[in-house]
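Novice: Sequences are here, hints too, so could you generate the full structure?
Protein chains: 2
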Amino acid sequence: MSKKGILTVISGFSGAGKGTLVKELVERHGYKLSVSATTRSPRPGEEHGREYFFLTREEFESMIEENQFFEWAEYVGNYYGTPKAYVEEQLRLGNHVILEIEIQGALKVKEQCPEALLLFVTPPSAAVLKERLVKRGTETMETIQKRLFRGAEEAAYIKDYDYIIVNDDLGTCVEETNSIIINETNRTIRRQDFIRELLEGFKEFQEGE
Amino acid sequence: MSKKGILTVISGFSGAGKGTLVKELVERHGYKLSVSATTRSPRPGEEHGREYFFLTREEFESMIEENQFFEWAEYVGNYYGTPKAYVEEQLRLGNHVILEIEIQGALKVKEQCPEALLLFVTPPSAAVLKERLVKRGTETMETIQKRLFRGAEEAAYIKDYDYIIVNDDLGTCVEETNSIIINETNRTIRRQDFIRELLEGFKEFQEGE
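Residue numbers (numbering that gives the first Met the number 0), protein chains in the order written: chain A, 0 to 208; chain B, 0 to 208.
Don't read these hints as lab results, they were simulated from the structure. Note that the structure is a prediction, hence the values are computed from the model and not measured. Some hints here could point you the wrong way.
Since the list gives no way to pick out one identical chain from another, each pair is judged satisfied if it fits inside one copy or across any two copies.
To be verified - List time: in silico DSBU-like cross-link candidates among lysine-lysine, alpha-carbon distance up to 30 angstroms:
id	residue 1	residue 2
1	202	158
2	202	109
3	158	83
4	22	2
5	158	109
6	107	145
7	107	83
8	22	107
9	109	145
10	2	158
11	202	145
12	158	107
13	83	31
14	22	83
15	158	134
Specialist: Written as structure tokens, this is what we have:
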């Protein structure tokens, strides 16, 4: 009756604080991080198996043929994808896995793996998002404007996610996210084994009388 | 952007500890209890509006005609039902409401009110359920046997509920249930207003540039 782990897919607006949230979930609560595969070259400081699995085009394409990705896409001449093997092994061991990915990828994962839990991270409002992007000071106003424009498009997909995570205060947001994932382990669709054993128990018991 | 309350419907095996769980949710966490209506006569100590709303057949039937019940049924010559008015008012005020009801009633409520959250309370196993019923010592072995037989039938409906609550330790069970309900307030289907305001925010903002 041990519980399987949950694959939690996290998306959200650029500037919503997804990266920090994911980092905290790993450090504070022991979540495992799904590592993507790519055919682009490693940048200085990047390690195979940490930032990405760095593969050749041939390796990547043979994995596509063998259906070894939850999702993959080609972007500016390089492949990017989420390999199934590591995630599935961790879930079997009862570990929760986090996958940070953009919306189209997240929806593909949900198709392949309907038990995946989809969380969308957002600041309390569009105005707060703009404020944060401006304060960060790492991007030109033109880039910020583009990000906000994309935000409006992305917001239309929030309804396809299971939960909204409002990132107002990081600490609260981390604990809220952890709590949502823990509670989801008790959802009936995730407790099929328990329900089966319970039914068996009633049967055996009645036969024994 | 204030959140509406959630209507939580609690069912479970007889002997699973639903009554105590509901009582603790009300006392520790301020949940509001949905009060049923009935045409049966009050028993000594029962109060109108506390145990039940005691109605005449005429009153009950006119409420049926006016679609004022989430669900109703006739049982041994008396009507029993869940009036909508009180529940809907509490939800509007942002209060969470608990309704303890058997399975057929729970499924009717879900039909009428798809946002309702259905929780099924169970002991860890059929064997533990029997043990508890025997220890309680208030029923004959024949009645216990009947309850267990019904348990086997009821277990087939667990899949129609949203969550399983395993009542092993009462304190844990109360906190787990409260946590599930709180987290459900962040489910996207319950945050339509927030999503709408978020989208508006992006639009206004872009028009303002």
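Novice: The structure should be examined with respect to each hint, and the outcome stated for every one.
Specialist: Status of the hints after comparison with the structure:
1. Taking the closest pair of Cα atoms, residue 202 and residue 158 come within 30 angstroms of each other only across two copies (18 angstroms); inside a single copy the shortest separation is 41 angstroms, beyond that limit.
2. In this homomeric assembly, residue 202 and residue 109 come within 30 angstroms of each other (Cα to Cα) only across copies, at 29 angstroms, whereas the closest approach inside a single copy is 35 angstroms.
3. Proximity of residue 158 and residue 83 under a CA criterion of 30 angstroms is satisfied in both settings, with 25 angstroms inside one chain copy and 28 angstroms between copies.
4. Taking identical chains as interchangeable, the C-alpha atoms of residue 22 and residue 2 lie at most 30 angstroms apart whether they share a chain (24 angstroms) or sit on different chains (29 angstroms).
5. Proximity of residue 158 and residue 109 under a CA criterion of 30 angstroms is satisfied in both settings, with 13 angstroms inside one chain copy and 21 angstroms between copies.
6. Taking the shortest Cα distances, residue 107 and residue 145 sit within 30 angstroms of each other inside one copy (25 angstroms), while across copies they are farther apart (48 angstroms).
7. In the homo-oligomer, the alpha carbons of residue 107 and residue 83 lie at most 30 angstroms apart inside one protomer (13 angstroms), although the nearest pairing across protomers, at 40 angstroms, exceeds that limit.
8. Only within a single protomer do residue 22 and residue 107 lie at most 30 angstroms apart by alpha-carbon distance; the minimum there is 23 angstroms, versus 43 angstroms between protomers.
9. In this homomeric assembly, residue 109 and residue 145 come within 30 angstroms of each other (Cα to Cα) only inside a single copy, at 27 angstroms, whereas the closest approach across copies is 43 angstroms.
10. In this assembly of identical chains, the alpha carbons of residue 2 and residue 158 lie at most 30 angstroms apart whether taken from the same copy (28 angstroms) or from different copies (17 angstroms).
11. Taking identical chains as interchangeable, the C-alpha atoms of residue 202 and residue 145 lie at most 30 angstroms apart only when they sit on different chains, with a minimum of 13 angstroms there against 61 angstroms within one chain.
12. For the homomeric pair residue 158 and residue 107, the shortest alpha-carbon distances inside one copy (15 angstroms) and between copies (26 angstroms) are both at most 30 angstroms.
13. With identical chains, the CA atoms of residue 83 and residue 31 are at most 30 angstroms apart within one copy only, with a shortest distance of 14 angstroms there and 45 angstroms across copies.
14. In this assembly of identical chains, residue 22 and residue 83 lie within 30 angstroms of each other by CA distance solely inside one copy; the values are 21 angstroms within and 45 angstroms between copies.
15. Taking the closest pair of Cα atoms, residue 158 and residue 134 come within 30 angstroms of each other only inside a single copy of the chain (29 angstroms); across copies the shortest separation is 48 angstroms, beyond that limit.
Taken one by one, the earlier hints all hold for this structure without exception.
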